[in-house]
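Colleague: Sequence:
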Amino acid sequence: MADFNISDLSSVDPQRFSELIRSASGSQLNEVMSGESRGKILAEIFSRMPAQFRPDKAGNTNAVIQWNITGRPDGGADVYQVNIADGACSVAEGAQADPKVEITLAGPEFLKLIAGAGNPTMMFMTGKLKAKGDIMLAGRLAELFALPKG
Numbered sequence: 001m002a003d004f005n006i007s008d009l010s011s012v013d014p015q016r017f018s019e020l021i022r023s024a025s026g027s028q029l030n031e032v033m034s035g036e037s038r039g040k041i042l043a044e045i046f047s048r049m050p051a052q053f054r055p056d057k058a059g060n061t062n063a064v065i066q067w068n069i070t071g072r073p074d075g076g077a078d079v080y081q082v083n084i085a086d087g088a089c090s091v092a093e094g095a096q097a098d099p100k101v102e103i104t105l106a107g108p109e110f111l112k113l114i115a116g117a118g119n120p121t122m123m124f125m126t127g128k129l130k131a132k133g134d135i136m137l138a139g140r141l142a143e144l145f146a147l148p149k150g
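Counting from 1, one number per residue, gives the positions in the sequence shown under my numbering.
Keep in mind the hints are simulated off the structure, nothing from the lab. None of these values were measured; they are calculated from a predicted model. Where is the CB? At the ideal position from N, CA and C, for every residue including glycine. Careful: at least some of the hints might be erroneous.
Claimed, not checked - Quick list of in silico lysine-lysine cross-link-like pairs, BS3-like style, CA-CA up to 27 Å:
no.	residue 1	residue 2
1	K100	K130
2	K40	K128
3	K130	K57
Said to hold, decoys possible - Beta-carbon label-pair distances, calculated as ranges:
no.	residue 1	residue 2	range
4	A142	S47	25 to 31 Å
5	A142	G35	25 to 31 Å
6	D98	E19	35 to 41 Å
Can you build the whole structure from these sequences, using the hints too?
Modeller: Structure below.
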């Protein structure tokens, strides 16, 4: 699609973001996640997580969730930690604490997952999403955050 541009997410609401991801081809997602906008896109997505957090669903959950987004242009991974504690959520770039669960997936799959355009169970079963640690917590992540639905 010619109008596929998520390089400036600051003005895009979650529903529109979901629509853009759903309408994009695999090659478009690969291109954007291997280009110079990758860092800005990931930073914007993770900066919104505290606002998308649903404390009413978290109960007494206290955990650090580490996201490893692979496929960086230099061959590395971008690492973000989401800390859920005492009914609040915060985000930090980099590995700063021992995670309760680590989730690893490539950039395009991460976009699909966050946009509600990818099935996390199928991603896990096909090896596109890897979870290490508290698998039960990993399975609950979709209910802990208000994300666009498919």
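Colleague: With reference to the structure, classify each hint as holding or not holding.
Modeller: Tested hints:
A distance of roughly 14 Å separates the Cα atoms of K100 and K130; the hinted pair therefore holds under the 27 Å criterion. For the hint pairing K40 with K128, the CA-to-CA distance comes to about 23 Å; that is within 27 Å, so the pair holds. Simply put, K130 and K57 have alpha-carbon atoms about 24 Å apart, close enough for the 27 Å limit, and the pair holds. Checked against the hint of 25 to 31 Å, the pair A142 and S47 fails, with Cβ atoms roughly 19 Å apart.
Under the hint 25 to 31 Å, the C-beta atoms of A142 and G35, about 28 Å apart, fit the expected range. A hinted range of 35 to 41 Å for the beta carbons of D98 and E19 is consistent with their spacing of about 37 Å.
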